[in-house]
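Using the hints, put the two chains back together into the complex; each one sits in its own frame.
Heads up: the sequence lines are chains A and E, in that order. The numbering of the first sequence is my numbering, which starts it at 1 and goes up by one. The numbering of the second sequence is my numbering, which starts it at 1 and goes up by one.
What the hints contain is simulated information worked out from the structure, not anything from laboratory work. You may find that some hints are simply not true.
DMTMM-like mimics (lysine to aspartate or glutamate), calculated; alpha carbons at most 25 Å apart, straight line [as the list claims (entries may be wrong)]:
hint : chain 1 : residue 1 : chain 2 : residue 2
1    : A       : 129       : E       : 229
2    : A       : 235       : E       : 164
3    : A       : 129       : E       : 223
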Amino acid sequence: MTDILVYVPNSGKHAAEVLTLARALGDVSAIAFDDAAAALAGEYGAAKVYRVEAPGVDDYFVDPKAAVLIDLARSANPGFFLLPSTDEGKALAARVAVALDNGLMTDVSGLDADGTATQDAFAGATVVKSKSTKGFTLATVKSGATEPAPAPGSPATETVNATVDSADQRVKVAQRVDEPAGDRPALSEARIVVSGGRGVGSAEDFALIEKVADALGGAVGASRAATDSGYYPHKFQVGQTGTTVSPQLYVAAGISGAIQHRAGMQTSRVIVAVNKDADAPIFGMADFGVVGDLFQVLPQALEEIEKRK
Amino acid sequence: MNIVVLVKQVPDSGLARQLDAQLRVDRNGANNVMGELDEYAVEAALQLKEAHGGEVTVLTLGPGQATETVRKTLAMGADKAVHVEDDAVGGSDALTTSAILAAALGRLEWDLVIAGAESTDSNMGVMPQLLAARTGAPALTGARKIDTDGTSVTVEHQRTNGYDVLTADLPAIVSVWDTINTPRYPSLKGIMAAKRKPVETLTLADLGVEAAGPGAAWNEVVDAAARPERTAGQIVTDEGQGGSALAGFLAAEKFI
Numbered sequence: 001m002t003d004i005l006v007y008v009p010n011s012g013k014h015a016a017e018v019l020t021l022a023r024a025l026g027d028v029s030a031i032a033f034d035d036a037a038a039a040l041a042g043e044y045g046a047a048k049v050y051r052v053e054a055p056g057v058d059d060y061f062v063d064p065k066a067a068v069l070i071d072l073a074r075s076a077n078p079g080f081f082l083l084p085s086t087d088e089g090k091a092l093a094a095r096v097a098v099a100l101d102n103g104l105m106t107d108v109s110g111l112d113a114d115g116t117a118t119q120d121a122f123a124g125a126t127v128v129k130s131k132s133t134k135g136f137t138l139a140t141v142k143s144g145a146t147e148p149a150p151a152p153g154s155p156a157t158e159t160v161n162a163t164v165d166s167a168d169q170r171v172k173v174a175q176r177v178d179e180p181a182g183d184r185p186a187l188s189e190a191r192i193v194v195s196g197g198r199g200v201g202s203a204e205d206f207a208l209i210e211k212v213a214d215a216l217g218g219a220v221g222a223s224r225a226a227t228d229s230g231y232y233p234h235k236f237q238v239g240q241t242g243t244t245v246s247p248q249l250y251v252a253a254g255i256s257g258a259i260q261h262r263a264g265m266q267t268s269r270v271i272v273a274v275n276k277d278a279d280a281p282i283f284g285m286a287d288f289g290v291v292g293d294l295f296q297v298l299p300q301a302l303e304e305i306e307k308r309k
Numbered sequence: 001m002n003i004v005v006l007v008k009q010v011p012d013s014g015l016a017r018q019l020d021a022q023l024r025v026d027r028n029g030a031n032n033v034m035g036e037l038d039e040y041a042v043e044a045a046l047q048l049k050e051a052h053g054g055e056v057t058v059l060t061l062g063p064g065q066a067t068e069t070v071r072k073t074l075a076m077g078a079d080k081a082v083h084v085e086d087d088a089v090g091g092s093d094a095l096t097t098s099a100i101l102a103a104a105l106g107r108l109e110w111d112l113v114i115a116g117a118e119s120t121d122s123n124m125g126v127m128p129q130l131l132a133a134r135t136g137a138p139a140l141t142g143a144r145k146i147d148t149d150g151t152s153v154t155v156e157h158q159r160t161n162g163y164d165v166l167t168a169d170l171p172a173i174v175s176v177w178d179t180i181n182t183p184r185y186p187s188l189k190g191i192m193a194a195k196r197k198p199v200e201t202l203t204l205a206d207l208g209v210e211a212a213g214p215g216a217a218w219n220e221v222v223d224a225a226a227r228p229e230r231t232a233g234q235i236v237t238d239e240g241q242g243g244s245a246l247a248g249f250l251a252a253e254k255f256i
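Only chain E is shown next, with the shape it has when bound in the complex (with noise of 0.2 Å):
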C-alpha cells in the first residue's frame, strides 16, 4: 500500500505570530515547525505500512526552510520526499495551493492520502475536500480512528457528539485529528537514515501549473490588524471572599 502524507511547515503557534507587510503570513521572522497535526498524520501512514507494507511518501508545499520539516518525518519513518518548491508560491490561498498539490499527486502512486485535520496556522479544513474535488478520489475527514484491508478504508469520523463509521474504497484521501494515535519521536538511528533518503524537488513548471501567488488567488486580504490586547479586569486574592466576590460578579454581569 503505497500512502502520501501531506505536511505543512507553520510558524509555532506557541509563540506571536503576525501578517508580513503584504498581508500574508509571516513565515521569515517565525520560529518554523512541522504543523501540529502532521504528525499524527505520518504516524497513521507509518503505522499503516508496518502493518500492511508499501511505501510512505511526504509531500509539502513551502519555501526552502520547509527542508526542515520534511527532514523530521523522514526521521520518524518515512520512506522519502517531495518538496514543491517556487518563488511563485508565495501568497496563494487554498484553492491554488489545493490546485498545486493536486498536481504533484497526479505524479505519484498511491492507494492513501492522509492528512492532519487542518493546518495550525490557517485553520480552514477545507485542504482533503477540495483535493478530493480536484482528484476525483473520496474524502475521509476528521478521523479518530483508520483501517484499512488494503482495498478499502473505513475511518471513525469524529463529531462533537459521537462519530460516523465511513468506507470507501481506495484509493481515497483521509484527514486525521490528535486522538489517533501518539506520534513516534524520531530516534537517533532514524535521524541517521532520513540524510540518505530521497526528496525530489518540484517546481511550478514541473507540474504543469501556471498561476500562483496573490495574482492567481479566488480571495485576497484586504486588511489586517492586531486585535486590540485584551486588558486585565479587576484581579482579587482569596482570603476567604474569593468565591462570594466570583458570584457577585457574575450577579453584576447578569450571568445568574
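Isolated chain A (complex conformation) (with noise of 0.2 Å):
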C-alpha cells in the first residue's frame, strides 16, 4: 500500500475528514504534537503514529513545526502527504513544498490513488482536475470533503524528539487570546449554518438567526452585507473574502445572493433561502425557497421544529 503522511494538528471534524480521505488511499502515519490528536489518528485509521515530542514548540509560530514535519516527509518520502486546509496547514504545505522542492496543491476537495486532485475554482464555478509534476502529492484538504468515519484501531507509535531550531524561533507567540466562541459548532466545520444578511436589518434582530441555528445545532454566519453594516462579527462572514462552508445544509435568511457570498457557500449540499425579494438570484440555486418576510417565516418555521423535535 502507498504510504500517506497525515499531518494531525488537534482532534478535530476537519482532522478526522483528512484521515477518513486518506485512508482510502493507503497506510496512513500521523504526525501528532499532542495525545489528542495521537488519539484521533487511532480512531480514524491510522497504521502509525508519529508522536512528537517538541518542547516549546507553541511558543513559536509554524517554522518549528515545519523543520519536523520537513524531516519526516524527507525520511518517509511518502505517495501522499495530507494537511488540513487552514491557515496552518497551508503555512506548513509552503514550507515542505519549498524545502523539498515539491509540487503543492490547496484547498482540494478529492483525491484520486494516481495523485489526481479535485479542486474548486473561482468560487466553486469550475472543477479542476490537477496533479503534482514534482516529488510527492502534498496536498491540503478543504473542510466538509468528506463526512468522517471512524475506523479505530492501534496503531504503531513512534516517538519523534525535536529540538527546537534557534533560526525556527524567529516568530514568537507572545500570547493567545481566545473569544468566547459559545456552544455552537466552528462556522468551517458545521454540518448546519444558518446565515443572515441585509435584510435581518440590525444587530438586534440577529438574534432570530441565532436562535434559528440553536434549533437546528448549526453554526451561525452572516453575508459581507451584514458583517460590514456591523450587525454580526466580522470573524461569521461567509464568502469569498469570509469563510467558505460547504455544510450539509445551508440556510440563507435576508441574502441576496451576491456572487462574494456564492463564493463561500456553493457548494453546499442543501441550500434554503428565506427573501422578500423573489427575485434575488439566491433563489437560482436553492433547494428550498419561501419569498415572504423573514420575521414572519422565521418564527413559525422555529415553532414547527420545536414541535417537531
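Put into C-alpha cells, the structure is as follows:
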C-alpha cells in the first residue's frame, strides 16, 4: 500500500475528515504533536503515529513544526502528504514544498489514487483536476471534503524527539487570545449553517438567526453586507473574503446571493433561502425557498421545528 | 522604514470567471481589478509609512494590463513600483511565482513586505510562507492588526475563535485580512501625482530567473469543467404558511 503521511493538528472534525480521506488511498502514518491528536489518528484508522515531542514548539509560529514535518517527509518519502486546509496547514505545506522542491495543491476536495486532485476554482464555478509533477502529492484538504468515518485501531507509535532550532524561533507567539465561541459548532466545520444578511436589518435582530441556528444545532454565519453594516462580527462572514463553508445544510435568510457570498457557500449540499425579493439570485440555487418576510417565516418555522423535535 | 507591498491584478470576482483553452485563468476576457485584499495591504503600508517615514514600493507580477492596478496603488499614495512583466510568466504556478517574486525582492531594500492574506483569483493563501522559505525572512500571516517600533513587528494573527499575538524582528513578511483597516480612495491629486511616479519594468532575464510558465511548474492542471449549475428547487410564496412549509422541508430532508 502507498504510504500516506497526514498532519493531525488536533482532535477536530476537519482532522478526522482528512484521516478518513487518506485511509482510502493507503496506509496512514499520522503526525501528532499531542495526545489528543494521536488518539484521533488511532480512532480514524491510522496504521502508525509519529508522536512528536518538541518542547516549546507552541511558543513559536509555524516554523518549528514545519522543520519537523520537513524532516519526517524527507525520511518517509510518502506517496501523499495531506494536511487540513487551515491557515496553519497551508503554511506548513508551503514550507514543505519549498524545502523539498515539491509540488503543492491547496483546498482539494477529493483525491484519486494516482494523485489527481479535485479542486473548486472561482468559488466553485469551475471544477479543476490537477496533479503534481514534482515529488509526492502534497495537498491541503478542505473542510467538508468527506464525512468523517471512524475506524478504530491500535496504531504503532513512534516517538519523535525534536528540539526547536534557534532559526525557527524568529516568530514568537506572545499571547493566545481565545474569544468565546459559545456552544455553537465552528463555522468552517459545522454540518448546518444558518446565515443572515442585509435583510436582517440590525444587530439586535440577529438573535432570530441565532435561535434558528441553535434549534438546528448549527453555526451562525453572515453575509458581507451584514458584517459591513455591523450587524454581526466580521469573523462570521461567509463569502469570498470570509469563511468558505460546505455544510450539509445552508440556510440563507435575508441574503440576496451576490457572487461575493455565493463564493463562500455554493458547494453546500442543501441550500434553503428566505427572502422578501422573489428575484433575489439566491433563489436560483436554492433547493427550497420561501418568498416572504423572514420575521414572519422564521418564527413560524422555529415553532414547527420545536414541535417536531 | 521601507515597505514593499505585493499586489496582483485578478479577474473581478463579481463577474463570471473562467479558465482559457490552455486551462489558465482567463485574463483577456475578464474585467481585471486589483485583488480584493491587496488594497488593505497598500493601506496598511501607507499608514506605517505615515507613522515611521520611509518609502512604499509596490511589486507586481503580471501582464501589461496590470499597469492599471499599479497606477491605482500609486494614486493611493505608494511612492514607486516594480512591475515584472514577461510573456514567459503566463501559466506559472504559485511555486514559480514565489521564485520570481523572491528574486525581485532580492533587488529591493525592505524592512517589511506586506501582502493580502490570499489572492482573490486562486485563493491559495500560501505566498507569504513560500516567500519566507525562499528569502529567509519570517512570515507573520493573516493579520487583523499590525504594529512596529522600527526594529520589530507585532501582529494579531486572526483565527476562527480568537487571535494570536505574534512578534518578530525586521525584516519580515506580513499578510493582512480585510479586518485590518479601511482603504482610502485615491484623491484627484493622488491620481495626477501617480502619473509622474517611477515604475520600473523587469523581465525574467533581469531577475536571473531561467524558467517559468506551465513547463516549469510543479503542478499541472489536467482538466477543468464548469460545475453543473444548481437548479432552483421548490420556491413557495409565504401566505401565512411559509414557515411551516420550510420546517416540513427540513424534516423531510432529516435535518430535524
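Legend entry - Given pair status - residue 223 of chain E, residue 129 of chain A, alpha carbons within 25 Å: holds (5 Å)
Inset, instruction - For the pair we were handed, residue 129 of chain A and residue 229 of chain E, check the Cα-Cα distance against 25 Å. - result: holds (18 Å)
Inset, instruction - Sort out whether residue 164 of chain E lies within 25 Å of residue 235 of chain A, counting only the CA atoms. - result: holds (14 Å)
Violated hints are absent here; each numbered hint is respected by the structure.
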